[in-house]
Amino acid sequence: MHEIMYWEAVRRAHDEELANDDMVIVMGEDVGVVGGTYKATLGLYDKYGQERVIDTPISENGFTGLGIGASFLGVRPIIEIMSVNFAWLAMDQLFNTAAKVRYMSGGQLSAPIVVRAPGGTAHQLGSQHSARMEKVFMGIAGLRVVTPSNPRQAYGLLKSAVRCNDPVFINEHELMYNMKGEVPEKEYFHPLEGSEIAREGRDVTLFGYNISVHWCLEAADLLSRNHGIEAEVIDLFALSPLDREGIRNSVTKTHRAIIVEEAEPAVGVGAEVMAILNEECFFELDAAPVRVSALNVPIPYNHALERAVLPDANDVVEAVRKMFGI
Amino acid sequence: MKIERKKRLLREMLFARRFEERCYEAYVERNIGGFLHLYPGEEACAHGVLEAADFGKDYVITSYRDHIHAIKWGADPREVMAELYAKETGVSKGRGGSMHIFDVKNRFMGGYALVGAPFPLAAGIAKAIQMQGGEEICICFLGDAANNQGTFHESLNMAKLWNLPVLYVCENNHYGIGTRIDRSTAVVDQYKRVSGYGIPSRQEDGQDVELVYKAATRAIRHVRSGKGPYFLELMTYRYRGHSMSDSNAYRARAEERMWSKRDPVIMLRDRLIEEGKMTREDFKNMDTEILDQIENEVIAFAEESPEPHVSGVERYVLAENDPWVRGGVP
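Sequences listed follow chains Y and S, in order.
Numbering (the working numbering) for the first sequence: 68 to 393.
Numbering (the working numbering) for the second sequence: 169 to 498.
Hints were generated in silico from the structure; no laboratory data involved.
Cβ coordinates follow ideal geometry from the N, Cα and C atoms, glycine included.
A portion of the hints provided could be inaccurate.
Claimed, not checked - Chain Y regions said to be covered by chain S (calculated; three or more residues, Cβ under 8 Å): (1) 123-131; (2) 137-150; (3) 163-171; (4) 202-212; (5) 229-243; (6) 254-267.
Kindly produce the complete structure, drawing on both the sequences and the hints.
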């Protein structure tokens, strides 16, 4: 094991997959000469050439559709959407073509593309560059949705997504590219389904994904230190399909659940996990599940307002204290 | 064009006409559900272009008005009708319907229901052909109204930028659903619109299958020789409404009469008769044979086929037993 940054992990996965299969290509705005806005493809243009590391025009729906069409013939495109906010423009091709073509062709065609996009709220990027769109993608049948919370997952999830025969959306985070973490030196493929126990605990389960896993871990430390509460943190790296078994197992142990999400609460990860709790293990619950979400507000520019919209570790601690009545 | 080829094309186009008319009846009889977009009037477009293409090699993709393109590109008409009847034996196993005819073994890459969606898909198929070093091309058929979607402009730009082997065929039937082209489109000559992307183009009579064939032959030669994309505009007319839910009340009867005088099937029939290669009697017999074939083979197959079993409703959503889903170390 050695420590590398999140962006280096993503870059390494690109490099290995480009080397492994001539049919793997990378497409997106500034992925070539520039090497990617977040350096995810740094140096790969020189190594693999402009036919395989393709700088696209600013035409999100167009180049996403082009990647899907190429995938019909065995090409494996990794499509970078520069910011998840721009993915709205590609929704027609992602939802109407990639997610549905296997079904509506009776299994004759499939669209094994990978779409990566940095999402989340970063530093004062304003309403139109701060979208948290995972809830939109995870609601569509026929798409897989994963969201890496650390460099190991960022590397291994991209590797598996390229090989997998389904369209996979990878939701990254603008604030996490410089995060350091251990990544196996040997080639590694992360499962596209399931969840991970990020911290073992017995008193309450904190469900997080992507950046909110880190808020949960910070909150768990505070809870242990200040209140003697041992929280279990479950990392939902796969948002579609969600890991029903992993969710049930943890709550069967802790009997309490809090879901922490960066997005607005409506029809989100929290709502979906609560529904699964109802369906899978309602009678294991000792308290009503709670979600810690963003306010239902477009992201403001002003820093103080921006922070006020988003949850953090303290909000998680408060939610747990309220649940325990302390 | 050789006489045998002309006769075969006449037969294919008449079959296409009768097939679609029978779909209309089956829809009225409620044997076909959903949306149904029919092709009568436009037969010379698909037949002229695809006659000039390389069957078994070239890829074809189109919109929701797709039955006839699929059949011309090798799909079994029985399986197309079975799809419309929502049967397991349908080309898309009853999961697609009229707007989603797929026959991938013959490289018919599907019918898509979002107007303009196939433009970038076709460019992507062409990108794959280019990467794989093949001599195939991709042929994309869409209507004139699709050219007002962003995908038209985004795809033309990329196709030219990367010199992709794709032929865009615009079947200009002068209406986008119920809106006449001059009421929706600033430049009504569609072939002129692509000049801004540096793509060669041509406008041709879409009712005369021989002219379409000639124009398509030149267009395909251009694309196959590695010179990049080409845009062929075919001037045509659909006899029926946009779909079965369209009252067709927006068109002048005089306009319809004018186009019916330039019917692609009748024009080719009359030419063969003038040339002394066919009699009216021959044509009648051909028609009777086709009607019998549609009733006794095509409709019978669709009617007798089983519906998909409900237990299979969740198949084809994701890949089955994909090992990469579990991850691991190789």
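Stated coverage of the segment 163-171 of chain Y by chain S [criterion: 3+ residues, CB within 8 Å]: holds (count 6)
Chain S covers the segment 123-131 of chain Y, three or more CB atoms within 8 Å, holds or violated: As far as the segment 123-131 of chain Y goes, the hint holds, because 7 residues have Cβ atoms under 8 Å from chain S.
Coverage of the segment 202-212 of chain Y by chain S, judged on three or more residues with CB within 8 Å: As far as the segment 202-212 of chain Y goes, the hint holds, because 3 residues have Cβ atoms under 8 Å from chain S.
Coverage of the segment 229-243 of chain Y by chain S, judged on three or more residues with CB within 8 Å: As far as the segment 229-243 of chain Y goes, the hint holds, because 4 residues have Cβ atoms under 8 Å from chain S.
Assertion that chain S covers the segment 254-267 of chain Y - criterion: three or more residues, beta-carbon distance below 8 Å: holds (count 7)
Proximity test - 8 Å, beta-carbon atoms, the segment 137-150 of chain Y to chain S, at least three hits: holds (count 6)
Of the hints listed earlier, there is not a single one the structure fails to meet.
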